[in-house]
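Chain P is fixed; fit chains E and S onto it per the hints.
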Amino acid sequence: MKHRNGNFITLAALRDAFAVAIVCAGIMTGLATAQGGQLRFCLHNEPKTFNPLQVDDDAAASIRYLTGGVLIRLNRQTQQLEPELAESWKVSEDGREISFRLRSGIAFSDGTPFTTEDVAYTVQQLMDPALHSPTGDSFRSANGKVETKVVSPSQISILFPAEVAGLDRLFDQVAILSQNSPKKEMAVLGPFMVADYKPGASVLLQRNPNYWKRDEQGRRLPYLDSILLNIQPNRDVEMLQFKRGELDLINTLDSEYFDKLASASPQLVHDAGPSLDSEQLWFNEVAKAPIPVYKRDWFRSANFRRAISEAINREDLSRIVYHGHAQPAMGPFSPANKFWFDAALKPPAYSPDKALQALAADGFRLENGTLKDRAGNAVEFSIITNAGNKARERMAVLIQDDLQKIGIHVNVVTLDFPSLIERMTQSFDYEAIILGLTNVDLDPNEEMNVWLSSAANHQWNPQQKTPETPWEAEIDRLMRAQASSGDANKRKAAFDRVQEIVVDQQPFIFLINKNALSAVSTRVHGAAPVILSPQTFWNAERLTVSGN
Amino acid sequence: MNTETQNGALLSANLTVRYTGKPPVLRDVELEIREGEVLGLVGQSGSGKSTLAMAILGLLEKKRARAEGSIQFRNLDLLNLSERELRSLRGRTISLVLQSPLSSLNPALKIRTQLKEAWRAHAAGTGADCTNAIRACLRSVSLPDGEEFLRKYPSQMSVGQAQRVLIAMAVMHRPALLIADEATSALDVITQSEILELFRSLNRSTGTAILYISHDLASVAGICDRIAILHEGQIVECGATEQIFANPQHDYTRKLMAALPRVLPADTSPARKSEAAAAR
Amino acid sequence: MRLGRILWFAVLAIALGASGAANWLAPAGYAKQYREATDARPSAEHWLGTDELGRDRFARVLYGTRISLLLAPAAALLSTLLAALIGGLAGYLGGVWSRIAMAVTDLFLSLPWLFLLITVRALMPLNVSPFVSVLVTFLLLGLLGWTVAARVLCASAASVRSSDFVRQAKAAGLSGQRLFWVHVVPNLKPVLYAQFWISIPVFILSEANLGILGLGVAEPMPSWGSLLKELESLVSVGAEPWKFVPLVLLVLVVTSFQILLSKQEEAAG
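Residue numbers (our numbering), protein chains in the order written: chain P, 15 to 562; chain E, 17 to 296; chain S, 72 to 340.
For reference, chain P alone in the conformation it holds in the complex (with noise of 0.2 Å):
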């Protein structure tokens, strides 16, 4: 994986800054493939560290993916958690322990058997406040001690100071580290181990020749002998690389650079269809927001933001600005998360003449083409986005264009992103936005620092003392119910109301969710990509690469 633990929900900007580093994954197919070859792709950033509990960054969190051993991983294809170093685990009732029984006969890359006290160790590192682990921020839901606790050599179990909701998923993050191996946390339980770093320029992962797993046939896993990986954060000498065969995947691609490809070699791209993340608009209604008041009472309707979320033409936007390679968002949740999406959630309508009766209800008319609210104020906003993202930018206009239909006059304005995060959550300097977030986990229990009206994500209006809305403290009393609830389909209950109230109010406007676009060359084989990160890579150490 490839997210900062702790923020469920990042900015999507964020990630198209930091971009992910992606590779392919692989299902066996059952062939006698042969061992052997080398997988090479890009990461976009240089990796800030090779700890994995200080991981903050895509680069060093797909280094980690691919070499750091966990007691419970998240298979990527069928989203359930799946036994890994631990053979079984057990979270108490009341969410605040979890007990692990670990596999017998493990050894880290260098020898160094592995054990209890090595897990106890990486907790004890994990839950350090000295040491400050961004993997550990979401495991500190109250202050006090975690303790350990060694049953039997095989056996142990972590006691939280509180509650911790998703607590068994959230060890799908925790490299496990070696207590006594001289080589530190260059001893890994992974599958691959760092072989060699030329800061600036790539790293080399081999083969763990310690690693415990074994296919159906009893052969030792990984297959492959090495990965390299280019360190290269331009998109378009990745492409060209990639074409010319210097790369074996590419984990994400946009629309375009997809269609580029797949017009020449349809054979080498993947549309795995809707992912997790969502672009969208939302308007400022932060009470003390320094625009104008009658503004602002409008962005504070819902009748005026359902009319909005009307008047957009979902289709043409992700036909036109992602090329079919996207899908109109329902709500706060893809349904490509299979588990938590509200399958009672209808489709986004798109009409005009709706969206302007919806509007007369609050008194708005229109007025030779343009809209007027009950006062005889011109309605005219403007959407901010930041620059250089070409899909928001062509969102915005088209949006610019659908809402001229009902007569409302937007202007579009791409700032810097600096600037932009600046507006949003500290001046309040602005009238609607788009943006995307990005969704790395499954849970709801992720997007609680969004949700809440107190919390500093909760965008369109944040870090209210009280819910100033009845469904926003309606809101809030569902995400604490979910996430206090040991009881899988309550959570799940409580948070389908939570989807339908934000689909009704329109706090934030969803647009489309992206599809995972990735590319991955035929030389490589078992890859199957996915949504969720790493879409190409997930089953590395399943893939073969022939040929080189």
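What the hints contain is simulated information worked out from the structure, not anything from laboratory work. Just so it is clear, CB atoms sit at the ideal spot from N, CA and C, and this is done for glycine as well. Among the hints, a few may not be true.
Said to hold, decoys possible - Below, a list of computed lysine-lysine pairs in the DSSO-like style, where the Cα atoms sit at most 27 Å apart:
1) S/Lys103 <-> E/Lys132
2) S/Lys314 <-> P/Lys274
3) P/Lys404 <-> S/Lys260
4) P/Lys104 <-> P/Lys504
5) P/Lys419 <-> S/Lys103
6) E/Lys168 <-> S/Lys260
7) P/Lys404 <-> S/Lys314
8) S/Lys300 <-> P/Lys274
Unchecked claim - Short, incomplete list of chain S residues facing chain P, as computed with Cβ under 8 Å:
9) Ile189
10) Val191
11) Arg192
12) Ala193
13) Leu197
14) Asn198
15) Val199
16) Arg232
17) Ser233
18) Gly285
19) Ala289
Chains E and S in isolation, oriented as in the chain P frame:
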């Protein structure tokens, strides 16, 4: 110095000029120019002739040069005038013609523009007035006054024509004093004599006094009423032209005489007295 | 020679005329989105095809030409005048003034413009019309673009200052102001012309790049800059030559201006 009467003095200077950090360029120079006369100032290059001319015009670089003493011009002390007052004198009452005519005209401007600017600096009037004035002064230096000529750039004229244009510019406002700084030394012999003749006739017809600065004693001799000899920052001798030629007092003057080509009347190097008769 | 002149003049006349007549030549306007025909090839209906959002490229080129041809030369003129004034005066006055002016120029060159422009954007309201936005941008470019030329001009003016003709003109009683404008500035012409002609394409492209800061022309209005930006990914354009039209037009118009005006100069000189 000699004892000529102060009557008719247009300008009398008593001047020391030094550039910062160097010995004075001019030391206690006493010089008198009388109304309507042509005074020759002769000295070799570096003797301070041009500095004197610039001092009179108030064009010494203020940052670098300091002038002490006084320059009485009519009833004004030029050294005490403000820049504004000086500017109203320049070109109108005291004007200047420089040595190299082609570089003294702005290569980027038409003749008309340059003359027009000179006229407008001291006259108000309609465009027609200006054109008339320009034409008149061109005629006075025997240049064509047609449109075609006015449209020319300096590069499209001969050196002699350019020098006449400069002179036309200098006499345009009928100045009381015209300073010609090496005004003929860049010219060939024939042109030189033509220009000298022009100066002479302007002097006669308008009564403009001329300070004729040159390193060349011979060219000075033809037009000057009096001659002052400048040597190493001091006036070493000053007197009527015939007197200087007939009876040079100072060693340096005699050296200058000796260097003249022998086409002048005989016996021009008689002086044997080797005592340095101080000019003062 | 004569024929060449006529040809260049024709190029200019066509470009100016067509952009002036954009309302008649492209009545649907630059913002109309033909959403069923995006990124189309040239056709009878869309002479230069359509862009990514289905807008008629021909209309966008015409309207973009109008904006850029109006504003870029104006901004270039402004920066040239500033360069003449600051660099020229500094060199002409010399001494302390020259040192001060060059220090200011150095400061200008070393300032973090990015942050200044971000501040400008922050001070501007978000709801400004696309035209005001592009106007402000060109104004900024004009106000900021003089520095390099000013250094060259300072040196040229300094040499003019010590020339005989300036001394002669001083002796003719010209005021400092007249001296500067009448005698010094005309001698800086070659540098001023260069500054002017170089500034036009530079400003046109800078305007497009300032889009990153929320300055420059705003959607949906086109400018040459925003049209040229599409050429960033040349790979895709190679097979679609009609997308080069804005670039070709820019080169043609700037060249024809330059040639016509320099001929004018020759004729005058």
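These are the hints, each one checked on the structure:
For the proposed pair S/Lys103 and E/Lys132, the alpha carbon gap of about 58 Å is over 27 Å, so the pair is violated. Restraint check: the Cα-Cα separation between S/Lys314 and P/Lys274 comes to about 17 Å, which is no more than 27 Å; the hinted pair holds. Straight-line distance between C-alpha atoms of P/Lys404 and S/Lys260 comes to about 43 Å, which puts the hinted pair past the 27 Å bound. For the given pair, P/Lys104 sits about 19 Å from P/Lys504 by alpha-carbon distance, which is consistent with the 27 Å threshold.
Under the criterion of a C-alpha separation no larger than 27 Å, the hint pairing P/Lys419 with S/Lys103 is consistent with the structure, at around 12 Å. Distance hint between E/Lys168 and S/Lys260 is fulfilled; the C-alpha atoms sit about 18 Å from each other, no more than 27 Å. At most 27 Å may separate the alpha-carbon atoms for a hinted pair to count; P/Lys404 and S/Lys314 meet this at roughly 18 Å. For a cut-off of 27 Å, the pair hint linking S/Lys300 to P/Lys274 stands: about 19 Å separates their Cα positions.
Taking 8 Å as the C-beta contact cut-off toward chain P, the hint placing S/Ile189 at the interface holds, the least distance being around 6 Å. Among the interface hints, the one on S/Val191 is violated; its C-beta lies about 11 Å from the nearest C-beta in chain P, farther than the 8 Å criterion. Interface restraint check for S/Arg192: the shortest CB-CB distance to chain P comes to about 7 Å, inside 8 Å, so the restraint holds. With a least beta-carbon distance of about 6 Å to chain P, the hint placing S/Ala193 at the interface is held under the 8 Å criterion.
The criterion of a C-beta within 8 Å of any C-beta in chain P is met by S/Leu197, whose closest approach is roughly 4 Å, and the hint holds. With a cut of 8 Å, the hint placing S/Asn198 at the interface with chain P holds, because the nearest CB-to-CB distance is about 5 Å. The closest approach between the C-beta of S/Val199 and any C-beta of chain P is roughly 7 Å, which is under the 8 Å cut-off, so the hint is satisfied. Hint status for S/Arg232 relative to chain P: violated, with the closest Cβ pair at about 44 Å, above 8 Å.
Below 8 Å, beta-carbon pairs count as interface contacts, and S/Ser233 has none with chain P, the closest being about 47 Å; its hint is therefore violated. Hint status for S/Gly285: holds, given a least beta-carbon distance of 4 Å to chain P, under 8 Å. Taking 8 Å as the C-beta cut-off, the interface hint given for S/Ala289 holds, the closest approach to chain P being about 6 Å.
Of the numbered hints listed earlier, those contradicted by the structure are 1, 3, 10, 16 and 17.
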